[in-house]
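Mind docking these for me? Both chains are given alone in their own frames, and the hints should help you get the complex.
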Amino acid sequence: MIRYAELQVTTNFTFLEGASHPDELVLTAASLGHAAIAVTDRNTLAGVVRAHVAAEEKGLRLVVGCRLDLTDAGSLLAFPTDRAAYGRLSRLLTVGKRRAPKGACFLGRDDVLEHAEGMLFVLLPPDGRNDSGFAAELRRWRFDLGRRLYLAANHRYRGDDAKRLAWLMDIAAQARVPLLATNDVLYHTPARRPLADVLTCIRTHTTIDEAGWRLAANAERHLKPAQEMARLFRQCPDAVERTLEIVEACTFSLHELCYEYPDEVGENGRPPQETLVDLAWAGAATRYPDGIPDKVVHSLEHELALIAERRFAPYFLTVHDIVRFARSKEILCQGRGSAANSTVCYCLGITEVDPTRMVLLFERFISTARDEPPDIDVDFEHERREEVIQYIYEKYGRDRAGLTATVIRYRSRAAIREVGKVMGLSADVVGRLAGSIWGWSREGVDAERARQYGLDPDDPRLKLTLELTQELIGFPRHLSQHVGGFVITRGLLTELSPVLNAAMEDRTTIEWDKDDIDALKILKVDVLGLGMLSCLRRSFELLAEHHGRTLTLSTIPPEDPAVYDMLCQADTIGVFQVESRAQMSMLPRLKPRRFYDLVIEVAIVRPGPIQGNMVHPYLRRRQGKEPINFPSPELEAILERTCGVPLFQEQAMNIAITAAGFTPAEADKLRRSMAAFRRTGRVAEFRDKFVAGMMANGYTSDFAERCFKQIEGFGEYGFPESHAASFANLVYASAWVKRRYPDVFACALLNSQPMGFYAPAQIVRDAQEHGVTVLPPDVNVSEWDCTLVPPPPPALGGSSIRLTPSALAPPAREAGEVRRGQGLPGKPCPHPPTSWAPPSPRGAGGGAEWALRLGLRLIKGLDEEEARRLLDRRNAGYRDPYDVWRRAGLSIGELERLAKADAFRSMGLDRRAALWAVKALRSGPLPLFARLDDAAQPEPEAALPDMQLGEHIVMDYASLSLSLKAHPLALLRDGLAGIAPAERLRHVRAGTRLTVAGLVLVRQRPGSAGGVIFVTLEDETDIANLVVMPKIFERYRKEILSARLLAATGRVEREETVIHLKVERLEDLTHRLAELTAVPAHAFPEGRNFR
Amino acid sequence: MARRILSLWLPRLATDAWTRDRGHDATRPLAAVAGERGRLMVTAVNRTAERAGVHPGFTLADARAVEPTLVVFDADPQGDSGMLARLAGWALRYTPWTAPYGTDGLVLDVTGCAHLFGGESGLLVDLAKRLKHAGLESCAAIADTPAAAWAVARYGGTCRIIPPAAQRQALDPLPMAALRLPAGIVSELAAVGLRRVGDLHGVPRATLTARFGPEPARRLDQALGRLDEPVSPHRPVPPHTARLALPEPIATPEAIARAVRHLLDELCRGLERTQKGARRLELAVHRIGRTLEDAPQTLAVGTGRPVRDPAALQRLFAEKLDRIAPGLGIEVMTLSAPVVGPLGAVQAGLDGTGDDSDLGDLMDRLGNRLGPHSVLRLVPRESWLPERAVVGNPPLNPPANQSLRPLELWPADRPRPVRLLAPPEPIEAIAPVPDDPPAQFRWRGAVHRVRRADGPERIEAEWWRRTGSPRDYYRVEDTDGRRFWLFRLGLYQPGAKAQWFLHGFFG
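As they're listed, the protein sequences go chains F and H. Heads up: the first sequence begins at 1 in the working numbering, then just goes up one per residue. Heads up: the second sequence begins at 10001 in the working numbering, then just goes up one per residue.
Pulled out of the complex, with its shape left as it was, chain H reads as follows (with noise of 0.2 Å):
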């Protein structure tokens, strides 16, 4: 029996993807940006904005004078092959062999497949119903080789379906490019005339091979069928990810649980084999009757660090479980880990010597508790505002910033209290104008006199954020020998009344 192929493309996966996922409303142009040699081009673009005049290899600049209110996003090409990617798994309910072909189509073996959906012209019509409900524009076309399936797809008119041994007559007619020739071997086709490929008949193969070397008469007679073209249908396997086909549906948390320490468990394998932990572990819940368009529950966990250990992360699982909405049942479960960071081949977790993984345990139970932005660690931030000198990081990541630069260490010459007031408290001073350190001062009712003063340091507020009034620092000792971070708001202005306040300790 013949191979039949259908050849599946999909014009606007970028756009149609991005509106997809945002709920973006469809009738407003939108477009995909990408940064090429320092400028914005827009390499992708839905069907208004096409209308409106904008096309790929636009600058974005060019693209805005054409149509002011465009919307924007930028292109996710790692994002669309992981679409596309599971799209093949999708299309796997026609026929067991899908792969994705290009940037932007899928080819299927639907040999002896199509009888189960009407024949061929059925399964077309149900293959664009259901894109469609997903919101993808697609065109399809079915053929003896993938060849003249991806030329009809893309080039052909209205039939999409070329019936056996007939691939001449449907591609005669189309433009050279339908031989998925490198575009500069197009032009220099064209440039001598010949444009469609029915042009290539009446050359002959040593003339035309001679001219262009020998990939149109290869791609030619691939199409053609007279050379053959393997495809071959495997979906590309996502690293550590973790896969159950459940026999019968399950629906009890028990059972639920059980399944989820099955994945865990040969996540773990997966990771150990390459000396990895998890960062991140995402589960997929598939119930009974999913379609395309019904995505699949997802939980999430976080770690702080990288994790193999299946009953720590078991317990990160446990206190969201019962977010599962089994329905009708779950009949696949699929366990990914997306981000994964490098840990060595120690045994985690069997005698409790790795000393701060109990800390990671910790502060991942309560992050996946309190929520991950509750527990953190405070660093040092570069900024004069010694309220601002702080900021919380994650516990036990490095903060975000130092991978860029090493943190400098606070400038020696300005010596910070080890005690800062939140917020500062206002006093009373007696200091002589303008802008000399206080001889006294009154706190909480107490009276200190000033025996030694340094200052003032005189520190703005941070413009790009916010106005305020400058302040001047001075560090004192009174007479108990007690040292105090005092500060007067605004400059010295005649008849205004100076507001002090006390903002820390020394020792």
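Same shape as in the complex, but just chain F (with noise of 0.2 Å):
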């Protein structure tokens, strides 16, 4: 029997020339009957730990190798023996990496011999033959490698590949290397040809027809058996059983990776256990000052005994220390992932999960089956996540610490594109084929899709590019940095992995994605921001400063019943998670009344528990509609907390182990990989492995199949109840900010922008029907931030506003006074309003103490550096725009920006009038009158024409994207005829038919709601939520992508507090905007597109 191995092998992380996956060529050498396989991509080792996985998985052995294309020479591959040599050729890389751009790798002769130590080495012969330069390089290598060294030859099906055999064999003999065959590997099966043809031109930017001799004359360069490796190679079978001398010499494995913790945790040369046993008791003391319930000393005691066997202590105490830092510059944080939500992490500070508040986890928080670290994500300050990251650079040094990577892959619409343009489709057609998909998927595009589009996918050309979109969907393109995801070590990173350059300054990352470092049972750290904690923090100080109320996420009022009923309302604009249609839509009928109940709400509305129609049979069980059972009593244990449906990726994994009869390994790998299973294929094998498991097992195949696609659903949107435990208490922390401080949440959330579903005008809204008061931004006395003031006297009188004849074209009065649900009417009210509204009956809310005034970053375009010089130099106030120009020496462009905001109503002006002021700044002052402190000099009087309500209001959304002064539709509604005030939804019955009309604030299609599109409209009542379905869509496409006014007739759908207004006819109103003003309506938000 012959025995071979491949030890030339191109994998697609040599980006765009590879043409397979690692695994496709780990498996095809597996049932080939190769001995071992090497990986050896070019100055790289980023495909190695998944062809590691894959042969682990497959039990063959690989070779880990890298191919060095040098600057100065030819190419070697290059096979460390051992862990030492790995890290040598590891450092090696690094340092050609980090002397190059991003994506390349410099090496000369030189670097190579300093590293060479411990390692192998394949020389690569040239292109051509009878290179006598090429025996001279060969004879030098081996002077400086000795017996390390071989030649390789392949046959290459080019009609010369007798002569050039012997030509090698003659060289090799007269330097006296041995010679080793290889078949130059680039695909696991020739069907792989066209594919590498495609890559060829992508990666040298031509088409196919164009692309000529650089293009394989054949498809041989595939995974070949090792008698037909024999058959080539009969003149010298010593060069194919060589092979085995390398795999043999070459015993280093990936396994050998395995994590050492920093020393740094342990305190005063203390054992880390002994610190960590310490700080858990100190801190269980704090958390629980009227004495640690038993519960807790129970699962303490527990906790620590398992993390001391499996020495994890190092790993809590470098989370301890990272969040201690974030503490004591008062960064706000919170950890997640399996292990967060111990007890140890609770009395730790690193979560705020009061263990004693929910079902606890078990000791499922650390696997007791697979030897794997723990799993600890923390969330920081979106804001401030930055001077966590420093921290850890500086504390553990940047040769010690570095960022995973992101294997950035090719998606549908980048890889339609790029196959288009290589087959030569016009850009056209690309761009229509392109611009047929939805978001991003990884389906690519079908024919169907195609014919509806025009084209014709019977087309050759068409059809060979979408088959080719399809195999190159899901390969790796370039590398890119990890949000956030820290390897720390105890020795260099730089001989765990090469270390390269990543594209922001001052970042390094290694080569290893989030899952290889899973895969290697390497210990990272996610360092992550949330901005919902930015927002919290915000919301703490400003009830510290305001409402003289000193909370913290831990001292937040528990279990609120308030806080439940505004949530059971589905009252939860900007609340964290909870805020999407999707999930206010949940609220109603989940009934939050406690804690864990918040919990389910984070996971349900996952596309996980949707595609395994978990949600239906819970709601029905919870409501009491349907019995709660149990398939069986050992799934009882499993599925208490949720009525016997399992909603929870351990809940789904457990059913797994518990009912199918897979090990908790298999479980774990089956979820994991579940999405490469999607490419390759071989999701029927775990599916047929899982269904006969549980049948055997007494379950009915239905129940088994829903339990099956709820673990596909998990297996690349994964939510963990672990997760949902720690974002559930973000739900309730800001849930209750809303409801008890309403002024705060909104202050707060509106200086965290960006973030959240919503833009600032709905947030702005949604405090005024909890009857907070907002004042508009000012100069004098708007801070950058929007800021919580004394709200102003009910009467007109106190405020320091004087208006001058031309301001508004009503009698004036101060925009923001005017309240919502006052009903505003048409056309402008002749007398000010005299007293405060009654809160809306929306608003639930505590009644605001105090009225937000919006801040200066509110106005679009203004200079943040600009405005703080503004703020800085403000003093008692400026008098008039001059006085502004001459003491902040603000540009006209911002003070234009400013009087476009009408931000000069304290100085009596408004918006035209101050545009009128700051205009006449732009020739400058007269020389003579530049050193006068007084106002610019006067000029005759400008008859300017009145503003309209209505220009004001457009001008306000132009600038601000929002109008304190009314809404436009409040304007409109004498001329919309026939046509209901959205606040009407809510009182008729359900199936009667009804015409709204609003702003079109977002567009949402997602991916698991079948093609239909949910559309919001507000107008000056209420919101409108619409349903279309994709056969309305197609008709009124164009209205719903273009229109920035809509008026949608449908019947009314309703399902308890839930409304819908499903939609059967839809009018573009846009135009009659215009009626506002001569402005066009582009100043008028487009609406958001979510996907």
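Treat the hints loosely; a few may be bogus.
Listing some non-contacts, in silico: residues in chain H with all C-beta distances to chain F over 10 Å [stated by the list, open to error]: (1) 10040; (2) 10116; (3) 10230; (4) 10341; (5) 10459.
Computed list of lysine to aspartate or glutamate pairs in EDC-like fashion (alpha-carbon distance at most 20 Å, straight line) [what the hints assert, rightly or not]: (6) F/1038 with H/10309; (7) F/421 with H/10074; (8) H/10132 with H/10120; (9) F/669 with F/471; (10) F/329 with F/650; (11) F/224 with F/210; (12) F/421 with H/10036.
These aren't lab readings, by the way, just hints derived from the structure by calculation. Here the structure is a predicted model, which means the values were calculated and not measured. Glycine is no exception: its CB is placed at the ideal position from the N, C-alpha and C atoms.
Structure (structure tokens):
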């Protein structure tokens, strides 16, 4: 029996060259019966972990290697024989990459020789023959590397293979270098030749028709059976056998990269475990000042024992240290992840979910079955995460701490563009194909879709394009940096993986991504940014300053019924996680009344449970419409908390183990590699095993199928219970602030923008509905951020507002003082409001004590630095625009922006008057006046037309994206015959036919909704939620996609308190906005698109 | 006498022209697109597309989302300005003073001309009717100043004729953009409430200028006639054009040939001055009683190299002139050279020293007689398939792709036979499996024993063109020393008979 191992293999981690995934190559090698396989990508180790995982699974030996392309010599394959040599190879690549621009690697012969110890090398011959220079080069390498050098020979089917082999044998013998047979593999099967050609074209920026000799003449660079290799090299059988020599010499395996924790964590040289135990108990004492409950004592003892057994103490201490740093800088943070919801983490202050408040997740936080480090992600305020990152770099040094990489892969849109271009399709056709994809998907363009877009899917070129696109999707394209996955090592990071420059300055990343790190069981800490934490920190600051309450995440009063009342009403604009349409429609059905309900709420509106059809059974059971029963007693323990319906990732995995007979490791592998399986189509294998296993244990095939579907969903959008619990904590905290202090919440939320689902306009409107008085931005009163200020007295006289006659058309009134719900008439009202309206019925709010003054940050395009200067020099206030210009030194452009935002009211100037004054500064003051501290020179009166309220509103929208003066619909209302105000939706019976109209706020087409589109409209009374079925969408696509003001007719549907209008007819009313003013309607928001 | 200026606006010139040229169905939505920062943007739309909601400034993707059946073509600003120039020429029927204005309009000085068409309103009606018949949407207005006429043509209501000295009343209600101000100034003025032209009267001039610069006041003055705005009506003459207006209409072949020769002489003189030679010539023949929609008859000839020898060019035309149908008679002929190439100041055709000029002459005559694609030169093409490794190119031009990158030589390690059989001839061969060279083969009845062989060289089908089996090529030498290029079609399959072919000969 002939034995052979392919040692020259290029995977698709040699970007745009290799045409097969590492796992495809490994699987093929295994099925061909190869003794081993090597992976030798060009100057990178990025693909070796994937290959390692696949090889592991198939029980095939993987030889870790790399093809070194040198700047001053030919190419070599390098194979480290042991861990130390691997470290040198990794360091060598680091050297080459750090000195080159991103994506490149500059290495010379001397660099190789410097790091060569412990490595075997295979010199690759040049393309041609009879190259006398090469014989000399071979001798030179032989001189330097001695017996560690081999010479590669391929059979290339170019007609001259026999001669070429004879030549190589000859020079090899002369130089006393053994010859090694390889096939220079580029793909696992000959069927990938077209894709390899396409990659060549993409790489060299050409088309398939122009590429000429750059393309391959044949498809021979695939993995071949040992017998075939022996036949091809029958002139020198040794060369084939010799591959085993290298395999045997290279004993290094990626297993050996087992993680070593950093030393820093132990205090004063004490053992880490001891430190951890002390910290944990001390933390517990602080957490439970009235005595630690027995339950906590037990679980703490249990967990600490488990940590001791697994020696994970340094890891917990590392995370603890990072959190402690954040706390010391008053950066809000919260941990999550499987290990984060342990009692230990709560006591260490890493998480805020009190384990006594929910069913504890037992010891599952550390998998006992797998020797795998625990998983903790820590979220920090998004604006201050960088401080934490720099702390980590500083503490451990750049040579020991680095970010993980993210492999950027081809998604359908990019794939179709690239392949289409290569195949010579016109830009128009490619655009049509790419444009027909709504959102990112891994499915590519199907024939039906193509036909819909007027393309002929039977056209051979188009067909090829679509097929090749399918193949290309999922191919790695380049490495990018992960948002915050840190790897920290005890020794040099560069000996673990090559380290390369990231696009961002001061960042370096390793070559492996999150999955690779997981697979190698290397520890990492995710340092992530979360907007809501910024918002909450601001809330806490405002609470302390204005309401005298000092709170933290852990001291927010728990289980406040009023908060749950609010959540049940789906009154959740701005609340973390549950503010989207889907979440909002779930809340009244779920009716959360305790913390654990929030955990479920967060997890249930996810692709996993939705695809698994788990949502409705759960709701029915919860509402008592269906009995709660368990498929079996063994599943009762797993599913008890969720009424017998699996909702969490842990539950699905547990079912696989308990009911389908998977080992824990198998269950985990199933989840982890779901994405990869989908690609290779091996998902069926797992499904059969899963369903068969469950049926063997007496479950129905229907239940088994549903469980499996859910695991499929989780594979890509996993949401474990432990994450959900941490998120639920933020849901509660933000809901509490919103319910109890709507003024604080709105202010903090506006200052943390951009984040979340809603634009400032909706946040402001929501605050107003909760009884918060909102005041417009003003040069003399506003800060950069929004602020809480004493509310203005009810009557007008008290405020320092002077209005010129030419200000508002109707008698003057301070804009923000008009409240919503007061029914601003369609035309300007003749009298200013004299008293405050009661809070609107929606706002169950606690009556805000403070008014919200919008900050200058809301003014579009305003430069923060200039605005800061304006504020610094404000002192007692500015007298007029000239004063601002002179003292603050603002540019005319910034002054115009302020004027257009109507921010000069405190000087008695409306926006038109202010703009007129600012424009005069353009030519500059005359030198004579420049030194005078007086206002600008007087000039003749100009007759400017008065500004109508409608114009003001349009300008407000143009500058602030919102108007405090009135809603545009209020002014148009008289002309909208037959159109009901949106609030009517609340009062009519289901099934009523109604027409409403409003500004388009959001268009959403969730991937899981089967082509249904959700549109949100807003008028002066309320928000209307539209549901547009695909057929209706096709008919009204123009209206839906381009209208800013839309009228919708349909039937009212309601479930509990969720009200939709199921659309039958749409009308674009955008032109009506022009009635407000001569200014075109594009000042109004286009509506945001979400997917 | 006061000047009277007509301003003509062709709001849909780009799409109308395309519709007219291609016989496009005007009721189908149509848009012109142009690349802009990597995206395709809509630059013009026809009325149907506009009604469907597509507007200039949309990205193509948005436009398609709104109107999936949209027909799209590449915007051709040069072609459009050419069209505008031709229209300016055609409009000479109304007045000797016409000129293109901007990218979508004409300006005509119709002072004292209108009475020929039944007064100014008669002129406007006639103009609109003729343009409409030609498929061009248009708006026109007449006023004392070009600025006022421009404003009313584009922004005016129903009244298209502004009586003398009545610009102010006509302009006051129009939007500020009617003053031909830059969009930035228009929106700045709007921000302070100055939206209509009339709004400017209330603002003292100094105040206005201090805030918005001199432009608004200047444009207003031009419109009102306080400031003179010269119109320079001249048609840009495309380079290398000769025009012959005949005093008496001609119709006989001899007369036509003489006229062509006259034009050629004139054109070649122009070419000589600029050191150019014609690569393509277009002859346009206008018959009596022509209208805009009656396109001139055209003849075109092409040459392989730049030429400016009138006699040689005349010969190229000679074979085609009989295609001209003179009808009632030809009154105007124009000859232009839209494509020219550099040609030094040699005296071409005098002494025959220009050795390949005869060849070029021959090629041109053969080409013009047999059709331009019948005379070819074979040049190498980068393809591994032997039968596709050459391609026919125009005889004297450099190969089209040579300008992009120098054609690489055939790879030295892939020897190819000097003679290739087309198609390859089937042979019977005996060869060890799976892919050893044949030991002997039979071709045209004769048996050849193989003494030496090299191979296989495996060449697969070009998958993007058509599928097919791979071929294994062998260079073999028989016992007589003759060298052949053989291939086996398809890889070895047990049980299947191998198909062998002879594809060429070495030496």
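Taking the hints in turn, this is what the structure says about them:
With a cut of 10 Å on Cβ distances, residue 10040 of chain H falls inside the contact zone with chain F, its closest approach being about 6 Å. Its beta-carbon lying about 41 Å from the closest one in chain F, residue 10116 of chain H satisfies the requirement of being farther than 10 Å from that chain. No beta-carbon of chain F is positioned within 10 Å of the beta-carbon of residue 10230 of chain H; the least distance is around 30 Å. Its beta-carbon lying about 25 Å from the closest one in chain F, residue 10341 of chain H satisfies the requirement of being farther than 10 Å from that chain.
At roughly 5 Å from the closest C-beta of chain F, the C-beta of residue 10459 of chain H falls inside 10 Å, breaking its exclusion from the interface. A hinted pair counts as satisfied when its Cα atoms are at most 20 Å apart, and residue 1038 of chain F with residue 10309 of chain H does not qualify at roughly 59 Å. Under the criterion of a C-alpha separation no larger than 20 Å, the hint pairing residue 421 of chain F with residue 10074 of chain H is consistent with the structure, at around 18 Å. Proposed proximity of residue 10132 of chain H and residue 10120 of chain H is supported: the alpha carbons are some 18 Å apart, at most 20 Å.
Between the alpha carbons of residue 669 of chain F and residue 471 of chain F the distance comes to roughly 24 Å, so the proposed pair goes past 20 Å and is violated. For the proposed pair residue 329 of chain F and residue 650 of chain F, the alpha carbon gap of about 35 Å is over 20 Å, so the pair is violated. Restraint check for residue 224 of chain F and residue 210 of chain F: the C-alpha separation of about 30 Å exceeds 20 Å, so the hint is violated. Distance hint between residue 421 of chain F and residue 10036 of chain H is fulfilled; the C-alpha atoms sit about 18 Å from each other, no more than 20 Å.
The earlier numbered hints that this structure contradicts are 1, 5, 6, 9, 10 and 11.
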